[in-house]
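Protein chains: 2
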Amino acid sequence: MDQNVHFMTIASHDLDATRQFYETGAMWASLLDVPGEIIFYQVAPGTVLSFFDADKFAQDAGLPAAPAVSGVTLAHNTSSRDDVKIIVSQLEVAGGTVSKPAQDGAFGGVFHAHVTDPNGVIWEIAHNPFWDVADDGTVLLSEPS
Amino acid sequence: MDQNVHFMTIASHDLDATRQFYETGAMWASLLDVPGEIIFYQVAPGTVLSFFDADKFAQDAGLPAAPAVSGVTLAHNTSSRDDVKIIVSQLEVAGGTVSKPAQDGAFGGVFHAHVTDPNGVIWEIAHNPFWDVADDGTVLLSEPS
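Chains as they are written, first to last, in the working numbering: chain A, 1 to 145; chain B, 1001 to 1145.
In short, the hints are calculated from the structure, not lab data. Values in this document were obtained by computation on a predicted structure and should not be read as measured data. Take the hints with a grain of salt, since some may be wrong.
Distance condition first, Cα-Cα at most 30 Å in a straight line; then the derived BS3-like pairs of lysine-lysine [said to hold, decoys possible]:
hint	chain 1	residue 1	chain 2	residue 2
1	B	Lys1056	A	Lys85
2	A	Lys85	A	Lys100
3	B	Lys1100	A	Lys85
Sequences are here, hints too, so could you generate the full structure?
Rendered as structure tokens:
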């Protein structure tokens, strides 16, 4: 099994609020949008984040009831601390809930905030000087001293 | 906000079982592994999937209790239908729970299975002839006729 995630799919109880959050707040464009069913956004080379109507998600997964999202965060790293604040306020205006205002994190040097999307996904918006991506896409993590 | 997910983080109640599933079952190699805390796997250019001790996840997110994962699936597409069956049996041996044995999906042409990881993440292992990735990483989705 190659080391690739091709789709992350999130159960959504409100696709319209989801579209508002990602397209007005994050300024993303969908790859494919089937109203009432599923919305796809490309989020990395070869990788798509999709929001799937929660009833249909349950049916597809053989679950007894439409699930609420828990236990998952997604993170977006910015090039500056100011960008963290700007993005958080854009996401809040578009329907996000700020659960951790922009602040220094527990690990040295990280400056971050948490914004929950309409589905319960916690977004960490962060400026992290210990993270970088090489030209070939390799993620470089260094540990703060 | 650029259209990029840099980290997906999953709350884990058993990092040892997680390591077994991903390293023995999926044959993945970690980018960084801090026993008892967090394991990072690169899963796309610039994108990392991490498993974070659930108590620490709760503390970081300001949640009242360690969450169980629900409402999220991850998908891996294979180049053949046979590969779906091979990968599913490797993941099952490594501690996965097969909730949907390999079968034709509800949408035309897809052949898939569901395997739940030790944390509650539902993995869809699929052969999907309506999905492709261009050389520049752009995901190409076509709808079955």
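Here is how each hint holds up against the structure:
1. B:Lys1056 x A:Lys85: holds, 24 Å
2. A:Lys85 x A:Lys100: holds, 11 Å
3. B:Lys1100 x A:Lys85: Distance of about 43 Å is beyond 30 Å: violated.
In this structure, only the earlier hint numbered 3 is contradicted, and the remaining ones agree with it.
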